[in-house]
Amino acid sequence: MPRITIDGRPIEVEKGVTLLEAAQRLGVHIPRYCYHPKLSVSGNCRMCLVEIEKAPKLVTACSTEAADGMAVLTMSEKVKTARRDVLEFLLINHPLDCPVCDQAGECGLQDYYMEHSLAKSRFPAEDKVRRQKRRVLGPHLVLDNERCILCTRCVRFCSEVTRTSELEVMERADHSFIDLKEGRALDNGYSLNIADICPVGAWTSRDFRFKQRVWFLKKTPTVCLGCATGCLTEVHHNENTIYRVVPRPNAETNTWLCDAGRMTYKAVQAGDRLAKGVIKNGLIDLEPALRETASRIDEAHGALAVLGSPWLSVEDNAALARLAKDALKTADFSFDFSAEQGVKDGILINKDPAPNAAGARRVQAAFGGTSFAELSAKVASGAVKVLVTEARAAALLKDALKAGGARLIVFAANRSEIPAGAYATLPYASYFETPGTFINFQGLERRTQPAVTAAEGVKPLWAMVNKLAVYSGTSLRLESAQDALKGIDLK
Amino acid sequence: MISVKKVDNRPLNFLERLYLPEIARGLLVTTRHFFVNLFNPKGIPTVQYPEQTLPLPHAARERTRHRLKVRADGSPKCVACFMCQTACPAYCIHIEAAEYPDNPVEKYPAVFDIDLARCVMCGMCVEACPEDAIAMDTLEIPGGVLDRNALKLGREALLRNLAGEPSLKGASNRLANDYLKSRGQA
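Here the protein sequences come in this chain order: A and B.
Heads up, the first sequence is in my numbering, so the first residue is 136 and it goes up one at a time.
Heads up, the second sequence is in my numbering, so the first residue is 65 and it goes up one at a time.
Derived by calculation from the structure, the hints in this document are not laboratory data.
Hints are supplied without guarantee of correctness; some may be wrong.
As the list claims (entries may be wrong) - A few chain B positions that, by computed beta-carbon distances, are all more than 10 Å from chain A:
| # | residue |
| --- | --- |
| 1 | Ser-67 |
| 2 | Lys-69 |
| 3 | Leu-82 |
| 4 | Ile-87 |
| 5 | Phe-98 |
| 6 | Ala-136 |
| 7 | Cys-152 |
| 8 | Pro-153 |
| 9 | Val-190 |
| 10 | Asp-201 |
| 11 | Glu-204 |
| 12 | Pro-206 |
| 13 | Gly-228 |
| 14 | Pro-230 |
What the hints assert, rightly or not - Derived lysine-lysine pairs resembling DSS-like cross-links, with alpha carbons at most 30 Å apart:
| # | chain 1 | residue 1 | chain 2 | residue 2 |
| --- | --- | --- | --- | --- |
| 15 | A | Lys-268 | A | Lys-401 |
| 16 | A | Lys-401 | A | Lys-411 |
| 17 | A | Lys-533 | A | Lys-460 |
| 18 | B | Lys-216 | A | Lys-353 |
| 19 | A | Lys-464 | A | Lys-621 |
| 20 | A | Lys-626 | A | Lys-354 |
| 21 | B | Lys-216 | A | Lys-346 |
| 22 | B | Lys-245 | A | Lys-263 |
| 23 | B | Lys-245 | A | Lys-268 |
| 24 | A | Lys-594 | A | Lys-621 |
| 25 | A | Lys-268 | A | Lys-346 |
| 26 | A | Lys-626 | A | Lys-464 |
Fair warning: this is a prediction, and the values are worked out from it, not measured in the lab.
Built from N, CA and C at the ideal position, the CB exists for glycine as well.
Using the sequences provided together with the hints, build the complete structure.
Written out as structure tokens, the structure is:
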């Protein structure tokens, strides 16, 4: 194993580890544009130049493997000069339209200029190479070739991660620019990652474009609930509005995030968010809606069933289980969802579109209940008069409900989710507004964190269940989400 | 350390301790001012603000009501970069950005509000502006209104050019200027 020193500090690394990675382990940040830990090494931006004692020239830290006895200097005068000069080259043709550029505030050029250069441009603005600005490429991205520094991260992303190879560097030398290959469209389902990995403002997201300056954004670490993969994400929000969702790279699940996952935040801010109850098709206040729902439940005289949902957190499923067991006193409840799981496209998107089938099974293990097939058969036979479930889970029982004619009481966050024929709908706070525990397809526990606050009166689902139980005459004593989790083994 | 200054108060003399003669002396001062002002109103230093204002000394001219500069085609020079809103210590600026379909400068403020009731007239917004788009040189001193809402300036109320403008300065204005030239408007 090679032993090297970086700025005088010794470190021993495995064979094949590059100087940049070795420095990272020591907490030394070497500036870089083209290097990305999950992409192949390109070595074209020259920003990571470091000095090796006794070596005649500076070397790129991203592409030089550590060899025994190397003495690396990352802050010598030679290196500092090199960084300043490389930045001067990169900025020669830069349009300096930071006031209009969405990347401003998280831009590699701005950051490294302030840190390593601060030199005045010696290049007259009139001589700069002019390129096409604002090209809309694909449904999610805008390309500005003038801002591009040709690090080729986007080209490598498309050829190595999505393996669709839509992008290419056209022409050569001073004339080169990033372009779409002829007859191709940039719509590979992961295209917004390009806007993330672009170290400058060349690629910007059409969805986020001009909505908010990045330095106003607050960041909340949470989990994507778009499918059973359960990617770790970060929600960027300001003044109770979510502006974008970006991945939180981690070793277990994800480095990237799919376009569909990034758009999940839209439902939270959609115009059809429920803040009141719905009886048949009419909106009514929450309290009368709960009273009406409770009286329908009482009318059914025990002919009740509860179906959990793989779209709900473990807490909320557990609350539904307690509702069935302790308040409704029925044995007909099921949290048994067995959709096929596994990564569908080899990158991130899961075969199971629901995020928490594994978590629901944990609830089933703790509370018992019937299998999904049995519950479905019972609903279809007409023995169940009232079924309580979540809106998207109700779709799983669609045919059985049609055959059996049970009254459907659902919990829904958005009006568009409400299944046809639902008798009563109760609102609940989405998982961008309330914490929840999910278990992804790998069996890993994932916690969502609230980024924004729900509309007034909209409570988490477990709290709504608690209220509903009170209206039908039983107290479940759920004071917090932790109360609902009692007795459930998450492992 | 707080510095302490000892004041050597002269003890009151007999007449002062009598109290009434001093009252009369005070009234005499007020009465003299009243009659002097009555017969020589031009000597009164007070100004009837807001109907009447004084000419401002030079430095203060740069701290009057804001305006947004206008390009030759009537669009604001502002590109909604949010620098002024970021720099504002009083949180009185509210901007909402939008995108031009054709103009290559791409971005413009669909909403640009300044709440003068909150503004502290510090001029940080002018300092921060990279586009030379906002200025505080209208020589109007805001205030003296009966309704707070009258101090909320919208985009249209702010857009104004002074004589000799539009100026073509500003980082992103190259694009806008080229665009205007191509349409024969500059």
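For this session: Compare the distance between the alpha carbons of Lys-245 (chain B) and Lys-268 (chain A) with 30 Å, and conclude whether the hinted pair is satisfied.
Result: Holds: Lys-245 (chain B) and Lys-268 (chain A) sit about 18 Å apart, inside 30 Å.
Exercise. Does Pro-230 (chain B) sit more than 10 Å from chain A, CB to CB?
Worked result: It holds; Pro-230 (chain B) is separated from chain A by about 17 Å at its closest Cβ, greater than 10 Å.
For this session: Verify that the Cβ of Val-190 (chain B) lies farther than 10 Å from every Cβ atom of chain A, and report whether the claim holds or is violated.
Result: Answer for Val-190 (chain B): holds, closest chain A Cβ roughly 15 Å.
Exercise. Holds or violated: are the alpha carbons of Lys-401 (chain A) and Lys-411 (chain A) at most 30 Å from each other?
Worked result: 20 Å, holds
Exercise. Is Cys-152 (chain B) truly not at the interface, in the sense that its beta carbon sits beyond 10 Å from all beta carbons of chain A?
Worked result: Since the minimum Cβ distance to chain A is about 13 Å, Cys-152 (chain B) lies beyond 10 Å and the statement holds.
Problem set entry | Holds or violated: Lys-464 (chain A) to Lys-621 (chain A), with C-alpha atoms at most 30 Å apart | Since the Cα atoms of Lys-464 (chain A) and Lys-621 (chain A) sit roughly 19 Å apart, the hinted pair holds (cutoff 30 Å).
Problem set entry | Minimum Cβ distance from Ile-87 (chain B) to chain A greater than 10 Å, as the annotation requires | 60 Å, holds
Exercise. Taken at face value, is the distance from the CA of Lys-346 (chain A) to the CA of Lys-268 (chain A) at most 30 Å?
Worked result: Holds. Lys-268 (chain A) to Lys-346 (chain A) sits at ~19 Å (cutoff 30 Å).
Problem set entry | 10 Å Cβ clearance of Pro-153 (chain B) from chain A | For Pro-153 (chain B), whose nearest Cβ neighbour in chain A is about 16 Å away, the distance exceeds 10 Å, so it holds.
Exercise. For the pair supplied as a hint, Lys-533 (chain A) and Lys-460 (chain A), is the alpha-carbon distance within the 30 Å limit?
Worked result: 24 Å, holds
Exercise. Taking C-beta pairs only, is Leu-82 (chain B) more than 10 Å away from all of chain A?
Worked result: Leu-82 (chain B) clear of chain A: closest Cβ-Cβ about 67 Å, beyond 10 Å.
Problem set entry | Given as non-interface: Pro-206 (chain B), partner chain A, CB spacing beyond 10 Å | Correct as stated: the minimum Cβ-Cβ distance to chain A is 26 Å, above 10 Å.
Checked against the numbered hints given earlier, the structure satisfies every one of them.
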